[in-house]
Amino acid sequence: MSSSPTAAPAIELIGIDKKFGAVHANKNINLTVAKGSIHGIIGENGAGKSTLMSILYGFYQADGGSIRINGKDTVIHDSQAAISAGIGMVHQHFMLVENFSVLENVILGVERGALLGRGVSDARSALKRLEADYGLEVDPDAIIEELPVGLQQRVEILKALYRGAEILILDEPTGVLTPAEADHLFRILGVLRDQGKTIILITHKLREIMAITDTVSVMRRGEMVATRKTSETTVEELAELMVGRRVLLRVEKGPAAPSDVVLSVRNLTVKDSRGVTMVDNVSFDVRAGEVVGIAGVAGNGQSELLEAITGIRKPVSGEILMHGKPVTGFDAARLRALGIGHIPEDRHHMGLVLGFEENENSVLGYHRDDRYGKGPFLNLDACRDDAKAKIEKYDIRPPNCRLKTANFSGGNQQKIVVAREIERDPSLLVVGQPTRGVDIGAIEFIHRRLIAMRDAGKAVLLVSVELDEIRSLSDRILVMFAGHVVGEKTPDTGEQTLGLMMAGIAA
Amino acid sequence: MENLDIISILGSTIRLSIPLIFTALAGLFTERAGVFDIGLEGKMLFSAFAAAVAAFMTGSPWIGLLAGIAVSVLISLIHGFASITNRGNQIVSGVAINFLASGLTAVLGQAWFSQGGRTPPLSPSARFTEIVFPYANQLRDTGFIGRFYANVISGHNILTYIAFLAVPASWWILYRTRFGLRLRAVGENPGAVDTAGISVTWLRYRATICAGILCGCSGTYLAIAQSAGFVKDMSAGKGFIALAALIFAKWRPVPVMLACLLFGFLDAFANFMQGKNVPGIGEVPVQIFQALPYVLTCVLLAGFIGVARPPKAGGVPYVKER
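Chains as they are written, first to last, in my numbering: chain A, 1 to 507; chain B, 508 to 829.
It should be emphasised that the hints constitute simulated quantities derived from the structure, not laboratory data. Keep in mind it's a predicted model, so treat the numbers as computed, not measured. Ideal Cβ placement from N, Cα and C applies to all residues, glycine included. Some hints could be false.
To be verified - Below, in silico cross-link-like pairs of lysine-lysine (BS3-like), each with a Cα-Cα straight-line distance of 27 Å or less:
| hint | chain 1 | residue 1 | chain 2 | residue 2 |
| --- | --- | --- | --- | --- |
| 1 | A | K253 | A | K489 |
| 2 | B | K827 | A | K404 |
| 3 | B | K827 | A | K27 |
| 4 | B | K827 | A | K19 |
| 5 | A | K27 | A | K404 |
| 6 | A | K27 | A | K72 |
| 7 | A | K205 | A | K27 |
| 8 | A | K271 | A | K314 |
| 9 | A | K205 | B | K827 |
| 10 | A | K35 | A | K229 |
| 11 | A | K229 | A | K374 |
| 12 | A | K404 | A | K374 |
Stated by the list, open to error - Now the in silico label distances, taken between C-beta atoms and shown as ranges:
| hint | chain 1 | residue 1 | chain 2 | residue 2 | range |
| --- | --- | --- | --- | --- | --- |
| 13 | A | P326 | B | K819 | 41 to 47 Å |
| 14 | B | L765 | A | S317 | 44 to 50 Å |
| 15 | B | L581 | A | A382 | 37 to 43 Å |
| 16 | B | L581 | A | R129 | 45 to 51 Å |
| 17 | B | R816 | A | G150 | 22 to 28 Å |
| 18 | B | I570 | A | D122 | 43 to 49 Å |
| 19 | B | R816 | A | G275 | 18 to 24 Å |
| 20 | B | I660 | A | G117 | 30 to 36 Å |
| 21 | B | R683 | A | V251 | 55 to 61 Å |
| 22 | A | S317 | B | A676 | 53 to 59 Å |
| 23 | A | D122 | B | A676 | 21 to 27 Å |
| 24 | B | R816 | A | G64 | 54 to 60 Å |
| 25 | A | P398 | B | R683 | 48 to 54 Å |
Put together the whole structure using the sequences plus the hints.
Structure (structure tokens):
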């Protein structure tokens, strides 16, 4: 830590309180952030981290409490006030105009005059300076949508610095980054701290906290429950503080007992909607009673592979067999009838209709089943009773099957999907990113259910970009790179070996 | 005369394109700011009526223009109040404005003037009349260039020239000013504008006001420049053609002008072909030619122009996410 004890803290939040209707998002929060430090704020989804930071950035108004910046009482009634107080924020969903150039995004809101000419040339030289000072390289004339995500994030950081930010808030910055990009980001944050900037890092990933922060504060259900020096705490303690009970970070499981082949993929080739070959001549089997994990950096064909197996995308060539019978090109409904369950990668896009009530999503895709109605009619009571039973069994909160699905937290939404697919008792469960954007408590639960499926003699095909998840759940690991399966490994293979394979460097 | 009189077709192309250019530029401003504006048609009609009434009452075309603009801006503000402030559905609000315009102008016209929804014919001094450029009359008979100068370049009213000036002006505002940068940003990602400390609401209101002014010019042109008074439903779908031109031009000012000229040309061509023999076919029903702009719109929008990517935040009221 480079802060001296006499300097006023960069930020003091005193008694911050915020309610959204009945939801008490922030309860009397106190937080002190030392100047020139990296301060982590950790908590499950919905713990109130983002709300707190949005208040600091002037996006919302607190109902009570006060804010001190560098020891001075500061009223932040809008983002403009936050910016002039030297606060910059890198949002989880980037606040960039995608068809603008880097330069246009940087000057938006600080154009220096009604005409653009001078502001643009000022910004161009300022970007050069920032690039030299902090190693933040980016082509000022590049169009945002043509940049990789990591560089887009860099533009967000540049935006904040160009506005003179001394305090930088990053909201879940690594959610969209590859491991290499995340490492690069952490190096940049280290440089910024060493140059005297104060950084607040919001995340729910414990590893990031341990890797980069100086101090960490834990939030749970709208309250600030603890603040620790990072060097004096452990992952286990933080997990327990976040969830409020002891959490198993590793999945407990016995050895697998694989039996008959359930799914066979033979020389499968799949193209995406642009006509690019995403899966190239891939073959593998999944047996009953085993979890086969597919590791890989996002975008190496895993999504298209899942879509082909679950009947969403027609393969160009190759064969898919279920229990030895060809099912290539069957549509999703037919495959479901044959016993394929599918937990899609993106629950908002493919797994749920967010505007529907919970019980409607709970039967969606299986609504033609006899137990949910006759002919064209749905038996709503049956649907709701069924949903209630799943809510009970999967501990979905709040336990209200009439609530709109959008009002559930990410973890609970995912549980709705998991419950729907597992309770149908499929012989093959195809799972994509089962815990993306899901909090620790729910991750533990979902992992246990997946292992229970395996132990019940089902075949499980798991795709995840989280290497930890792949390694702890799988019995065999296939690594995908550029549309090919580049190798098969056992789960005790080191992270480094797998990482090199995922990068296409080793086989 | 059976031969193709290209000069007279071009001259009337210009005249028929002007309301389209004004209206499509109006749509450009709101839609680039993320507010869909299907009520362009209604705004034209309202401002045509207001301009005709004011010009008739005062005898001044300029007061007519001011009235046309004022009413059109007012309607724009209503659209803004419904769709920006109250986050209503922008399409529904626009459709409502169109219905209101069609009904209310006819009813008021009938109530005030008792001429079946028309306004009384205007004297030339209450209209925008043709401006004749220097030597235009002398050059009229001096070959193609002279005729082009006299009939296509010269001989239009002041609003025509304003419309052609409005094209580079719109380009300059959108791409060279702070307001334009912010306007384009708010149509793509209002969150980026909000987090930059700029009011999304005020910005979108200003964009709709710009549209109101341009639609006001367009309606005024219809009523007191092209015609000598207001006629019920005189906008005749031009607001929708302008919208098609806007999409065809992918929301960019200069292509908007070219698209409007193309639609204007087809319209002029249809008029010209009225009652004329097509070699080898004979007389073709005029409806075929009149349908051409609409057929072209369908064909072009159905895929000949490639992907027309609308402003990303278009049609979506801005709500801070929780």
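Status of each hint after checking the structure:
| no. | hint | verdict |
| --- | --- | --- |
| 1 | A:K253 x A:K489 | holds (18 Å) |
| 2 | B:K827 x A:K404 | holds (19 Å) |
| 3 | B:K827 x A:K27 | holds (21 Å) |
| 4 | B:K827 x A:K19 | holds (15 Å) |
| 5 | A:K27 x A:K404 | holds (25 Å) |
| 6 | A:K27 x A:K72 | holds (23 Å) |
| 7 | A:K205 x A:K27 | holds (23 Å) |
| 8 | A:K271 x A:K314 | holds (9 Å) |
| 9 | A:K205 x B:K827 | holds (26 Å) |
| 10 | A:K35 x A:K229 | holds (15 Å) |
| 11 | A:K229 x A:K374 | violated (61 Å) |
| 12 | A:K404 x A:K374 | holds (25 Å) |
| 13 | A:P326 x B:K819: 41 to 47 Å | holds (42 Å) |
| 14 | B:L765 x A:S317: 44 to 50 Å | holds (45 Å) |
| 15 | B:L581 x A:A382: 37 to 43 Å | violated (55 Å) |
| 16 | B:L581 x A:R129: 45 to 51 Å | holds (48 Å) |
| 17 | B:R816 x A:G150: 22 to 28 Å | holds (24 Å) |
| 18 | B:I570 x A:D122: 43 to 49 Å | holds (45 Å) |
| 19 | B:R816 x A:G275: 18 to 24 Å | holds (19 Å) |
| 20 | B:I660 x A:G117: 30 to 36 Å | holds (33 Å) |
| 21 | B:R683 x A:V251: 55 to 61 Å | holds (59 Å) |
| 22 | A:S317 x B:A676: 53 to 59 Å | holds (56 Å) |
| 23 | A:D122 x B:A676: 21 to 27 Å | holds (26 Å) |
| 24 | B:R816 x A:G64: 54 to 60 Å | violated (45 Å) |
| 25 | A:P398 x B:R683: 48 to 54 Å | holds (53 Å) |
Violation of the numbered hints given earlier is confined to hints 11, 15 and 24; the remaining hints are satisfied by the structure.
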